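A.B. asks: Make the full structure from the sequences, and use the hints.
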Amino acid sequence: MAPHTIVKKMLDAGVQFTEMSQSSAEKLVSEFVKAGQLRKKDAGKTVQELVDRGRSSTEQLLSVVQSEVAKQLARFADRVDGIEDRIEDLAKSVGAMAKRTAAPAPAAAAPAKKAPAKKAPAKKAPAKKSAAKKSAAKKPAAKKAAGTSGVAKVVATRAAKR
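Just so we're aligned, residue 67 is where the sequence shown starts under the working numbering, counting upward by one.
Just to be clear, a hint being listed does not mean it is correct.
Restricting the straight-line Cα-Cα distance to at most 20 Å, the calculated cross-link-like pairs of lysine to aspartate or glutamate (EDC-like) are [to be verified]: (1) Lys107 - Glu125; (2) Lys111 - Glu92; (3) Lys106 - Glu92; (4) Lys111 - Glu97; (5) Lys93 - Asp108; (6) Lys107 - Asp118.
Please keep in mind that the hints were generated in silico from the structure rather than gathered at the bench.
In this text the structure is predicted, and so the values were computed from the model without any measurement.
C.D. replies: Dropping the structure here:
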């Protein structure tokens, strides 16, 4: 065999080192012995070196992949944290807006409720409707509490883990 063919076979085998088993390493070394590129007494040592190199290459590759995955997950977690912060800010601003709109509504409903009561007892039905409007005005405050309950828990849990 020509020397460049042996080198090519070694390079091809090098690509497979990460998956090389004992038997495939023995086959490769036996081809080297037949070609006269390796002595028989060095064959066992060379097989062991190939298998060890394969294991170390696999471990290095695994380490590189794990560190890259961890790095990408950290970037993703940072983005999720930023989005959570923005959601919290939005929830706070929606809650503040709900408080602002809820406060003037009952004040406006109260004068409308008193005006029909002065005219005649027959107009008591509209007074009940305004009472219904008053309870409807309380609903936005309940929505505010429901909208912010989950975000605070998630943020507190993440902060505790760090």
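A.B. asks: Is the hinted pair Lys106 and Glu92 satisfied, with a Cα-Cα distance of at most 20 Å?
C.D. replies: At roughly 12 Å apart (the allowed maximum being 20 Å), Glu92 and Lys106 satisfy the hint.
A.B. asks: Holds or violated: are the alpha carbons of Lys111 and Glu92 at most 20 Å from each other?
C.D. replies: 10 Å, holds
A.B. asks: Within 20 Å, alpha carbon to alpha carbon, are Lys107 and Glu125?
C.D. replies: 29 Å, violated
A.B. asks: Given the hint that Lys111 pairs with Glu97, does the C-alpha gap stay at or below 20 Å?
C.D. replies: 15 Å, holds
A.B. asks: Given the hint that Lys107 pairs with Asp118, does the C-alpha gap stay at or below 20 Å?
C.D. replies: Since the Cα atoms of Lys107 and Asp118 sit roughly 18 Å apart, the hinted pair holds (cutoff 20 Å).
A.B. asks: Is it true that the CA of Lys93 sits at most 20 Å from the CA of Asp108?
C.D. replies: Distance of about 14 Å is within 20 Å: holds.
Hint 1 from the list above is the single one not met by this structure.
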